[in-house]
Amino acid sequence: MISKLAISNKVSHQRLVLGAMAFLLLVLAVLSLSMGAFPIPLSKVMQVIFGEWLGFDGVSLQEKNVLLQIRLPRLLLAMLVGGALGIAGAALQGLFRNPLVEPGLIGVSSGSALFAVIFIVFGSSLTFLSALGKFGLVGFAFIGGLMNTFLVYRLSSQAGKTDISLLILAGVALNALAGALIGLSIFYADDAALRNFTFWSLGDVGGANWEKVMLMLGFSFLPVGLIIGQHRALNALAIGESEAFHMGVDVQRTKLLILVGSALVVGTAVALTGTIGFVGLVVPHLLRILFGADHRLVIPGSFLAGAILLTLADLLARTMVAPAEMPIGIITAILGAPFFIWLLMNVKKIRT
Amino acid sequence: MLEARNIQYLVQGRAIVNKVSLQLNPGELTAIVGPNGAGKSSLLKVLAGDYKAQAGEIIYNGKAIENYRPKDLAKIRAVMPQHSQLTFPFKVKEVVELGLLSLGMAGGEQLVKEVMIETQTWAFRDRLYGALSGGEKQRVQLARVLVQVWAGSDQPKFLLLDEPTSSMDIAHQHQVLHIASQLKRKDIAVLAVLHDLNMAAAYADQVILLKEGKVYQQGAVAEVMASQHLEHVFEHPILVRNGYDGMPHFIQSLPVHHQSHTFKIA
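Protein sequences appear in the order of chains X and Z.
First residue of the first sequence? That's 670 in my numbering, and the numbers climb one at a time after it.
First residue of the second sequence? That's -15 in my numbering, and the numbers climb one at a time after it.
Keep in mind that the hints were calculated from the coordinates and are not lab data.
Built from N, CA and C at the ideal position, the CB exists for glycine as well.
Mixed in with the good hints, there may be bad ones.
Result set (DSS-like, lysine-lysine): computed pairs, CA atoms no more than 30 Å apart in a straight line [unchecked claim]:
{"#": "1", "chain 1": "Z", "residue 1": "Lys55", "chain 2": "X", "residue 2": "Lys679"}
{"#": "2", "chain 1": "Z", "residue 1": "Lys55", "chain 2": "Z", "residue 2": "Lys168"}
{"#": "3", "chain 1": "X", "residue 1": "Lys830", "chain 2": "Z", "residue 2": "Lys55"}
{"#": "4", "chain 1": "Z", "residue 1": "Lys59", "chain 2": "Z", "residue 2": "Lys168"}
{"#": "5", "chain 1": "Z", "residue 1": "Lys97", "chain 2": "X", "residue 2": "Lys679"}
{"#": "6", "chain 1": "X", "residue 1": "Lys830", "chain 2": "Z", "residue 2": "Lys168"}
{"#": "7", "chain 1": "X", "residue 1": "Lys830", "chain 2": "Z", "residue 2": "Lys47"}
{"#": "8", "chain 1": "Z", "residue 1": "Lys75", "chain 2": "Z", "residue 2": "Lys3"}
{"#": "9", "chain 1": "Z", "residue 1": "Lys55", "chain 2": "Z", "residue 2": "Lys170"}
{"#": "10", "chain 1": "Z", "residue 1": "Lys59", "chain 2": "Z", "residue 2": "Lys170"}
{"#": "11", "chain 1": "Z", "residue 1": "Lys198", "chain 2": "X", "residue 2": "Lys830"}
{"#": "12", "chain 1": "X", "residue 1": "Lys830", "chain 2": "Z", "residue 2": "Lys59"}
FRET-style restraints, in silico, Cβ to Cβ [what the hints assert, rightly or not]:
{"#": "13", "chain 1": "Z", "residue 1": "Gly11", "chain 2": "X", "residue 2": "Val680", "range": "51 to 57 Å"}
{"#": "14", "chain 1": "X", "residue 1": "Asn678", "chain 2": "Z", "residue 2": "Gly11", "range": "46 to 52 Å"}
{"#": "15", "chain 1": "Z", "residue 1": "Pro19", "chain 2": "X", "residue 2": "Phe960", "range": "45 to 51 Å"}
Kindly produce the complete structure, drawing on both the sequences and the hints.
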């Protein structure tokens, strides 16, 4: 009886933690909608969101437009991208059984960056690239990310089995190759293209609109669900691949699901917002240090914590140097790195 | 019943497991004994389904191993590996609970507690796995695989142990093999790779003596654990005193400098 109580305690404790994180995200979201270069009082934010019931009395058209056309899509994009990076980082760390893994390791970020720089530098001179139109950069970067991940996967798979240590090496090799090709493209770039690419690579959710939000939502909804469903398999994998197989996990299926799922969500995120570092590496660690290693909590928790981190970073990016904006990738690192160092120094105190 | 017929496992053309046939019956404890590199662990991994045998068949309860999905195989066979390391900070109890994975979660809590008390791991259930000693880790892993086969069911189950006692003190070695022999009452067949010949002689019903991938001798303890067989397989002088008055066989290896002397006498 006592132990039965204990396990339901653990589950309810996990639900409580997830609930608290969701609440924090919500509070941050409302704050983020209200603050910025053009402040809008909280009451008016509520009025616009719940417009149907509260009415739009006293809300100017400008305020409504800023909220609905600029801030809300931007906020949602930041949340979705942060969540995607966090959950992909957690799942890949679990799959590789290595806490140093970040989503970029499977080649998706470098592949996207390579295709992005090709588009930015040569886009105007290559007719088939300019024919891609409005979402040319996004689509092209997305294809690049998936292609590179596919190459990494093929290089490390033989006879239907994927060797995880080979996968890490293949990832490192292809990342280096992509880095060299990016350098080559930059060599031929003019000043404008160079500046464009530099800012793209620092990450930015500034260009958010509803179409991008829908793209991100569309491409990440199913993969995120599938990854969350793998939490038991990931727990078993923490002991080892053959042990997981002994416990009844279809290891190859789990590998494929997590690789494809992560490549999809991260590929979409990088294509839409550029490379935002640090979230995928740090967020899962943060959760493990604070709440333990059970993937039932770490996987969904990483989505929420990633969303919180990126929402906060975007809020700071918009307000710190207002009316100008700081690239969000700089903020995540400036904010995240010292916090992470503090956390590492206090690991023992927190976990005992 | 687990039946292996003429299984062969090759690595780069070399037979690591060479035409081995064996049979594991529920209610029996089978020990695999042999020198380093004899193919003991490889044989266990082939039987477990980790490695695919290039020739021969492995049949679990009348159905070939290839026809099982991982999930269904896990319902009837559990495997305790030689070493297990965890990268992430899991608690002891969380590790043992992983054994429930193939069962579904209902009623698992009582099962976990029962097994953890049996394996003397309940006392440190809330500690981090990484902070345990080698022997404690092995007991936790044993608890995890026991959870997988503990509950009764309508078909025989199989427990494969790869050197389950290698890092344990003498009392815990006996305790683990005692638990393993108790499992025989549960319609479970136990297969254990063992290094300690005395442990094998004391607890096994059937002994398989392996040398260079082949079965050299196979059968009851009294037949297999004879001095001439062991000396041939290990290429070392070994003395066996037959058990009497309910005492098990007593097997002693002699120091190397006795070698020429002993062989002269023999």
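Inset, instruction - Could you work out which earlier hints the structure fails to respect and list their numbers in ascending sequence? - result: 6, 8, 13 and 14
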